[in-house]
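Taken in order, these protein sequences are the chains called A and B.
If you're matching positions, the first sequence starts at 1 in the numbering used here and goes up one per residue.
If you're matching positions, the second sequence starts at 1 in the numbering used here and goes up one per residue.
For the record, the hints were derived by calculation from the structure and aren't laboratory data.
Glycine included, each C-beta is placed from N, C-alpha and C at the ideal position.
Among the hints, a few may not be true.
Computed, partial: chain B to chain A, Cβ under 8 Å [claimed, not checked]:
{"id": "1", "residue": "G14"}
{"id": "2", "residue": "T16"}
{"id": "3", "residue": "E51"}
{"id": "4", "residue": "C196"}
{"id": "5", "residue": "R239"}
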Amino acid sequence: MSDATLRVFRGVGTVGGQTVDYTVPVAPGMVVLDALHYIQGHLAPDLAVRWNCKAGKCGSCSAEVNGRPRLTCKTRMDDLPKDQPITVMPMKSFPRIKDLVTDVSWNYQVNKKIPAFHPHQNTDWKISQIDVDRVQEFRKCIECFLCQDVCHVIREHDAKAKFGGPRFFVRVAGLELHPLDAGNRVGLLKEELGIGLCNITKCCTEVCPEEIHITDNAIIPLKERVVDQFYDPLTMLFRKIRGQ
Amino acid sequence: MAGSPTLLPESRLGSTLRRDAWWVELVPVIILLGGFGLYATLRAFENKYFEWGPYLSPFYSPLIDPQHHWWKFSPALLILAGPLGFRATCYYYRKAYYRAFFLDPPACAVGESSKRNYRGETAFPFILQNVHRYFFYLALVFLGFLWYDVVLAYDFGGHFGVGFGTLVMSVNIVMLTLYTFSCHSLRHLAGGKLDCFSCASFGKSRFAVWRGVSFLNDRHMLLAWTSLITVGLTDFYIRLVASGAIHDLRLM
Numbered sequence: 001m002s003d004a005t006l007r008v009f010r011g012v013g014t015v016g017g018q019t020v021d022y023t024v025p026v027a028p029g030m031v032v033l034d035a036l037h038y039i040q041g042h043l044a045p046d047l048a049v050r051w052n053c054k055a056g057k058c059g060s061c062s063a064e065v066n067g068r069p070r071l072t073c074k075t076r077m078d079d080l081p082k083d084q085p086i087t088v089m090p091m092k093s094f095p096r097i098k099d100l101v102t103d104v105s106w107n108y109q110v111n112k113k114i115p116a117f118h119p120h121q122n123t124d125w126k127i128s129q130i131d132v133d134r135v136q137e138f139r140k141c142i143e144c145f146l147c148q149d150v151c152h153v154i155r156e157h158d159a160k161a162k163f164g165g166p167r168f169f170v171r172v173a174g175l176e177l178h179p180l181d182a183g184n185r186v187g188l189l190k191e192e193l194g195i196g197l198c199n200i201t202k203c204c205t206e207v208c209p210e211e212i213h214i215t216d217n218a219i220i221p222l223k224e225r226v227v228d229q230f231y232d233p234l235t236m237l238f239r240k241i242r243g244q
Numbered sequence: 001m002a003g004s005p006t007l008l009p010e011s012r013l014g015s016t017l018r019r020d021a022w023w024v025e026l027v028p029v030i031i032l033l034g035g036f037g038l039y040a041t042l043r044a045f046e047n048k049y050f051e052w053g054p055y056l057s058p059f060y061s062p063l064i065d066p067q068h069h070w071w072k073f074s075p076a077l078l079i080l081a082g083p084l085g086f087r088a089t090c091y092y093y094r095k096a097y098y099r100a101f102f103l104d105p106p107a108c109a110v111g112e113s114s115k116r117n118y119r120g121e122t123a124f125p126f127i128l129q130n131v132h133r134y135f136f137y138l139a140l141v142f143l144g145f146l147w148y149d150v151v152l153a154y155d156f157g158g159h160f161g162v163g164f165g166t167l168v169m170s171v172n173i174v175m176l177t178l179y180t181f182s183c184h185s186l187r188h189l190a191g192g193k194l195d196c197f198s199c200a201s202f203g204k205s206r207f208a209v210w211r212g213v214s215f216l217n218d219r220h221m222l223l224a225w226t227s228l229i230t231v232g233l234t235d236f237y238i239r240l241v242a243s244g245a246i247h248d249l250r251l252m
């Protein structure tokens, strides 16, 4: 059993704080969250870490390990180089509460803006498998908010007031592409969720632990629907002729 | 256990706690895309060595007014906006050049210069990315001309023949076709815009087409690069043959 040094951010509130080095024995199969639990159990009982399932399904233990947004419960210690301390930092895009715990409540505010599933009148609740398959992918989201954390529109430009972020483009895609949904959220996407601010650099897709093709299967199809409704004169004319 | 100063990096260009060489990803994009842009510009203005025997360079196809009756500049300048616009507004290339040339962001979780007013694709000039589908329509027209050129490349003075240039042009048109048909806008038009395949007219056929385009779309990045390389090499080969630097190898 070898040792590893974890350099963990410690601090209360949004201002200040420092990193503290902890030496942790590394056991086979250990993940970063295990190492944080070791620190809590043996070295710093007041270390704040949000976690729940430890199985990559609850989306609670998001942090930045060696500068990369990741679930700490799915990041194996033996995949990380031990020649330098392993840095474990809170998600940069959200206000810090304590240590590795951040305030992600902004996401829930964005979520409230999205109209819920609204079925067609007299819906026949049978759905063909070919229609289910496409929207099923979006249901895999565990709301870890790593995509929100890494998205440069939020992270670097702090555009939270006018941008929804990839997580909510996935949610809207799950509704807009749903075969039984009658709602139209395309205007919301353009105006309130600011999908035009996304310049499709695919970082959200790179960090998604559920491997959802966020950019190709959610954001770009939604951008194309925004084009249909607001930028494509031929489609707009065709829609007008058909009285839609 | 030891304390050390705050390590949260401030947002400035290149700031990150990432340990890997994140900038390595940018190098091939800068070299290939920048190099291609430079080469294509020089070739477009060169106005010579663009045809030999049955071969016509893709940079000059369709060939308009080569005798300069009404257009005194290079004929390539009349047509290059079409393919250039298709690639410039392509969803894959957007990612590549936003990262490599605009550093917006340079890589995931790497700082950028955030002082300016970021508007993404909501304002001029990048709002024009929304016309990508129109460049796709234009690209289909260009594909038609390029396929015609390839058919002519098998015609050596009225007889069927195959030169090395014929093969080069054939590979190029296949790659260009695959790249064009892997387009995200086509994926949308083919069926992505439907909420319900099973309820739409010709729904099953559209689903089959959408699934086929999706298969190609999964490889859009690969096809974007390979087609960029083949189109550049095709022009370069024809230039070499037309300028007399090498002789075309006649295979049949």
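Structure-based check of all given hints:
Because the smallest distance between the Cβ of B:G14 and any Cβ of chain A comes to about 12 Å, over 8 Å, the interface hint for this residue is violated. For B:T16, the interface hint holds, the least distance from its beta-carbon to any beta-carbon of chain A being 5 Å, beneath 8 Å. Proximity of B:E51 to chain A is violated relative to the hint, the smallest CB-CB distance being about 35 Å (cut-off 8 Å). Given hint, B:C196 at the interface with chain A, holds; its Cβ is 4 Å from that chain's nearest Cβ, closer than 8 Å.
Residue-level restraint check for B:R239 is violated (minimum Cβ-Cβ distance to chain A is 35 Å; threshold 8 Å).
Hint check: violations occur at hints 1, 3 and 5; the rest are consistent with the structure.
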